[in-house]
Every structure is written in structure tokens, then in C-alpha cells.
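Number of protein chains: 2
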Amino acid sequence: MSLPTRIHVKEVGPREGFQFEKVAISLADKIALVDALSETGVKTIEFTSFVSPKWVPQMADADDMIAGITRAPGVAYEAIWLNEAGLQRAAKYREVLQLRPMFGVAGSDTFMRKNTNRTVDERLEELPGWAESYRKLGMDWIDVGVMAAFGCNYEGDVDPRHVVTVLQKVEQKAEACGSRLGGIGLADTMGWANPLQIKRLVGAVRDHWPNAPLKLHLHDTRALAIANIVAALEMGVTSYDSAVAGMGGCPFAAHKGAAGNVTTEDLVFLCQELGVETGIDLDRMIAAGQLAERVVGHPLPGKLKSGGNLTTYRARALAAKN
Amino acid sequence: MSLPTRIHVKEVGPREGFQFEKVAISLADKIALVDALSETGVKTIEFTSFVSPKWVPQMADADDMIAGITRAPGVAYEAIWLNEAGLQRAAKYREVLQLRPMFGVAGSDTFMRKNTNRTVDERLEELPGWAESYRKLGMDWIDVGVMAAFGCNYEGDVDPRHVVTVLQKVEQKAEACGSRLGGIGLADTMGWANPLQIKRLVGAVRDHWPNAPLKLHLHDTRALAIANIVAALEMGVTSYDSAVAGMGGCPFAAHKGAAGNVTTEDLVFLCQELGVETGIDLDRMIAAGQLAERVVGHPLPGKLKSGGNLTTYRARALAAKN
Chain A
1 MSLPTRIHVK EVGPREGFQF EKVAISLADK IALVDALSET GVKTIEFTSF
51 VSPKWVPQMA DADDMIAGIT RAPGVAYEAI WLNEAGLQRA AKYREVLQLR
101 PMFGVAGSDT FMRKNTNRTV DERLEELPGW AESYRKLGMD WIDVGVMAAF
151 GCNYEGDVDP RHVVTVLQKV EQKAEACGSR LGGIGLADTM GWANPLQIKR
201 LVGAVRDHWP NAPLKLHLHD TRALAIANIV AALEMGVTSY DSAVAGMGGC
251 PFAAHKGAAG NVTTEDLVFL CQELGVETGI DLDRMIAAGQ LAERVVGHPL
301 PGKLKSGGNL TTYRARALAA KN
Chain B
1001 MSLPTRIHVK EVGPREGFQF EKVAISLADK IALVDALSET GVKTIEFTSF
1051 VSPKWVPQMA DADDMIAGIT RAPGVAYEAI WLNEAGLQRA AKYREVLQLR
1101 PMFGVAGSDT FMRKNTNRTV DERLEELPGW AESYRKLGMD WIDVGVMAAF
1151 GCNYEGDVDP RHVVTVLQKV EQKAEACGSR LGGIGLADTM GWANPLQIKR
1201 LVGAVRDHWP NAPLKLHLHD TRALAIANIV AALEMGVTSY DSAVAGMGGC
1251 PFAAHKGAAG NVTTEDLVFL CQELGVETGI DLDRMIAAGQ LAERVVGHPL
1301 PGKLKSGGNL TTYRARALAA KN
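From first to last, the protein sequence lines stand for chains A and B.
Its first residue numbered 1, the first sequence is counted upward by one per residue in the working numbering.
Its first residue numbered 1001, the second sequence is counted upward by one per residue in the working numbering.
Heads up, a few of these hints could be off.
Unchecked claim - Computed list of lysine-lysine pairs in DSS-like fashion (alpha-carbon distance at most 30 Å, straight line): (1) A:Lys199 to B:Lys1321; (2) A:Lys199 to B:Lys1199; (3) B:Lys1114 to A:Lys321; (4) B:Lys1199 to A:Lys321; (5) A:Lys92 to A:Lys54; (6) A:Lys22 to A:Lys136; (7) B:Lys1136 to A:Lys173; (8) A:Lys169 to B:Lys1321; (9) B:Lys1321 to A:Lys321; (10) B:Lys1215 to B:Lys1136; (11) A:Lys199 to A:Lys215; (12) B:Lys1092 to A:Lys114; (13) B:Lys1136 to B:Lys1092; (14) B:Lys1199 to A:Lys215; (15) A:Lys92 to A:Lys215; (16) B:Lys1136 to A:Lys199.
It should be emphasised that the hints constitute simulated quantities derived from the structure, not laboratory data.
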């Protein structure tokens, strides 16, 4: 098994997690969790969304979050937006927020329509406008995220060749307006991926864009997320999204309460055991996971926060021998 | 990725799961769960223990369970025992129970002592007595199970070479008394295994006993069980224990409520997606998982029972296209 020596983890729990909570979480609790995450060694934290409070009331406090968190040195703080108004709100904070020229498409037209009321091709027509907005902010490329890249509850399996075709369209559209394709994110939005498919899709994307930074965003809806990450590590993928304690739920699963994002502390543990560096202090991330559970007030799916870090047991065992 | 075409799954949920429940489960509920499992296509169900009701009160109804369950054709029903008295209780039912000449050792002396008040070497002294009892029942071999084969909360990591040494001692002891080493089971009793270690230990055992049937018993205490099974499938391992809904808890984890056995329906889903036959109807196993959760009265860790079977979504997607 040949694995990368180091990976980059983006913590997305506060952004993906809080929006699914039925009970309002206080601003102070949200800030406390982001601040705890800032002390774990994680290098990027996506912590809020500039979206309409009409649609996502849990994110109405985005400005207060930015004002309230304690930014740690060396940590990049990110937010997301879905339209130009959201981007302009985020851009006001560019001194303290890391902006990325993101552009979302999907492996499934039905999913794209249900999310954005547009087909993928209609969505592509909007790319030049986004490229122009990003260029004005100094970013002359597009980071594309492909939702439902492995399968879709409405359309079924998604063929890796179809994802490649969608990415080719994005690239052509970007180049036609003087931008270019930057990073590629592949999201298993509805928990369809398995280790074989991870290898197939990552392989297909690598064949076409060998130098594009590649990121995976995996959900654990059907228990395979950690196995999928092992497959991706074997393919040399070095960038992953994850959520502390497995926050996030999955609104597209068969039942409410289904697991959401792969759990950060479980991912960090996997890497620790495989000898892959994350730069994250596992004990602190476990503590942040336990805090996340207290903050939302119900059990969250991550395992390490109950299973415990083996490093602790190893140290105790060594002490007992000596 | 080269995978076996078919694996054998032994369902151990009723045996491992019920004993950890704080609230007494009724005999009727236990029987209902075993009967539901009998209809899933699983070929072996380990459903009770012949142990002292003083130590494990939840298993005091072993005889009633045997009388009460509806045995399905083609399904083997197993139970466990820890001493000669337990074996003799089980042997009375040999017409309806599949007896196995099991003999448990451990990769760690401390764990062995805490479980049985004996070191591994002291335990080995008992092997001839067990071999004799098993021979009287027509079994001239020993199926060895190695607990804590990957690591131990008291002694730390367990070296694969140490496990090989323990197995060699078992084999020598068995042959010295006219028995022989049959199947080998490797148990990750406290959730220490990772995919690299699975490959190392399975490889080491295979090097020494290329023809011995090999079985893995994995716990999901630290979220790696499914990834560990993928690693084992890649090594060609074709026999696994698992527990419906992930019943079982793990009394040795850092915190109560830690995950126990790998979940049967999650394992079956993994195999379905990888094209590995289990002979199990996933929808029925998901229903059994949902029943298990109702019976114990609290959430259980398996994911498929909330995430849902992708086969259903594929069929719906196909119907929508036509």
C-alpha cells in the first residue's frame, strides 16, 4: 500500500453541520466550536455560509460569526456563497476570509435542478459571470465542485465518463472566457461511492487532469466513507473535507438521522494509524467532537469520541511495562 | 482490486449483542430477532451462550431460545461456551446446534488473564482436555480464535509475529495430543486494527498456514472496521463475523456506548457494491437491523438502516427514466 506522506483536511462541520439542526444553536456555542477547532492544528475551517436567512435561517449570523471567532495563526477560514450577493458579502471580509473561486456543478441533472432550478448545461451558462466576478477579486481560475459525482438518489449511478464530460465542459467554458480550470472537488453528496468507484473516478479524472489539485468530499450515509478514503489515499489523493463528530446529517438519505460527512477525528485517527500526517492533534479534535455533541444536544456519529485515541492506550501500556 | 467472488458471514448479533444490554430483553423479542435473521439468507447465526447465568444473566434463557426459535433450512445455528459444563449443555442439542471445536487464546497475556484468570501459556495447558472433549463429540481438530490479535488496551500493539508464535504453540499442543489445528479466527476485540495491519497479520498467518480456513471478527470501536474488511477482502479472506445493526457494544473501549461489532447490513451493502456475493438479502437484513433497534430500545450504530439500500434507488431511477 503506497500512501501519501501528508494530507490536507478542511474542517466543514460548522458550515455543513449547524444548518441541519432543528433547534437554534446560540452564536456563543457556534463560536466556541470554531475556536476549539482553531486550536486543533487543522489548516482550513469552513465555518459559515453567506446565504439568504430566508432559506437557511441557521446561517443568519454569518457576520457575527466572523466578528466573534478568534482567528488562529496559520489557519485559513472559509465560507460559501450560492449567488453574487453572497459572494459580495463574503468579499467584504477578504482580509480575514480565504476566498476561493468556487463553481458547483453536478453529476446529475435532476439533482442540479432540485438544488438550483437549472440543468447542468444551464448552470454552465453562468460560468462566465462567475469567472468575471472572481477575476475582479484577483482570482483568474475556477475551482469546480462536482456534487453527486458518484451517484444520485434520483438518477442512480453516475458514470465516471459522464463526470469527465461535465468537467471538460467546465474547462472549455472557463477557457472560452479567459479563465481556467483550477482545483477539482468530487463530492459524494448522497453516499453512493464505494472503494472501487473511488478508484475508477479518481483515476479517470487524473488521466485527464494529471496536475489539477483534487479534493474529495465524502458522506458516510452508508458506512463506506472511511473505506473510500483509504481507496483515495491509495490513489494519492491528498485533500479531503470532513466534519468534526460527523456533523451534517444528510437531507437526501432514505431516513432522517442518516450520517452526514465523514468524521474529522475518525479520519485523523485513520491517518495516524496509517502513518499519514494531517498536522492535526487527534486528542484536541476528539475534544472538539465531544464539544460539538454537547452544542447540538444529541448524539453525533463519530466513533473516536467514544472509542478513544490509541496513542493514549499505547502510552499507558508502555508505562505499565516500565 | 482483486476480490473474492463470495464470502461467508456469521451473524453474531444475538449472542454478542444481548449480553451488553442493561435492560432485560424478553425471550419473545430475542426469538423474533433470531427468526428475522433466519429469513435473511445468512448461513450461520450464533445466537446464545451456554455460560453461567450468575456471570451473564442475559443468557440464562439459552435453553428456551433453542426451543423457541424457528430453524430455517440451510441455516446453521451456533452457540458458545467457556467451560466443559457449557460444552456439555450445548452437546445435548447437537441435533439442532452446529458444534465447533473452539479454543480461545489471546495476543495479550494481560487480556487473557483479565478474561480467564490465566496466561496464554496456562491456557494452552488446557488444550488437551478440550481436544479430548471435542474428540468424544466427533471433532478431531481445534478451531482457534485469537482475541486481541491486533492490539490490546492493556499491552498496546500486538506484533503479527507474536500472533504467529501463539498459533504455532496451539498447533504443537494440538498435534501433541493427537488433534490438529483447524480454522483460525483473528479477533480485533478492542478495535486496534487498521488496513495495513490487517494485511500484515493476514499475510503472516497465510504464510504459515496457507490452507487453514481464516475468519475475521472485527469491531468498529474506532470507525475502521469496514475499511479493515476491504483490506481483508483484498487479501482474499472469505469468512467474517458481524452483528445485525452493529449490536454488541465494546466493554473495553474508553467510554461506554462505543461501537461494537462491524454491522452486518453495512458489510452486506459493501459486498453488494463491490460485487462480492454474501447470499444475504440486504433489504431483509436492514429490516432485521431496524427490528434489533426496536428490541433493544436505543439507537444502534449501523448506517444502512437509516441510509437505505442503493438497489432501491437504482430501481426507482430506472423506473423514472422509462
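Comparing the hints with the structure gives:
no.: 1; hint: A:Lys199 to B:Lys1321; result: 27 Å, holds
no.: 2; hint: A:Lys199 to B:Lys1199; result: 19 Å, holds
no.: 3; hint: B:Lys1114 to A:Lys321; result: 16 Å, holds
no.: 4; hint: B:Lys1199 to A:Lys321; result: 27 Å, holds
no.: 5; hint: A:Lys92 to A:Lys54; result: 21 Å, holds
no.: 6; hint: A:Lys22 to A:Lys136; result: 38 Å, violated
no.: 7; hint: B:Lys1136 to A:Lys173; result: 78 Å, violated
no.: 8; hint: A:Lys169 to B:Lys1321; result: 24 Å, holds
no.: 9; hint: B:Lys1321 to A:Lys321; result: 65 Å, violated
no.: 10; hint: B:Lys1215 to B:Lys1136; result: 25 Å, holds
no.: 11; hint: A:Lys199 to A:Lys215; result: 13 Å, holds
no.: 12; hint: B:Lys1092 to A:Lys114; result: 62 Å, violated
no.: 13; hint: B:Lys1136 to B:Lys1092; result: 13 Å, holds
no.: 14; hint: B:Lys1199 to A:Lys215; result: 27 Å, holds
no.: 15; hint: A:Lys92 to A:Lys215; result: 27 Å, holds
no.: 16; hint: B:Lys1136 to A:Lys199; result: 52 Å, violated
Hint compliance for this structure: hints 6, 7, 9, 12 and 16 are broken, all remaining hints hold.
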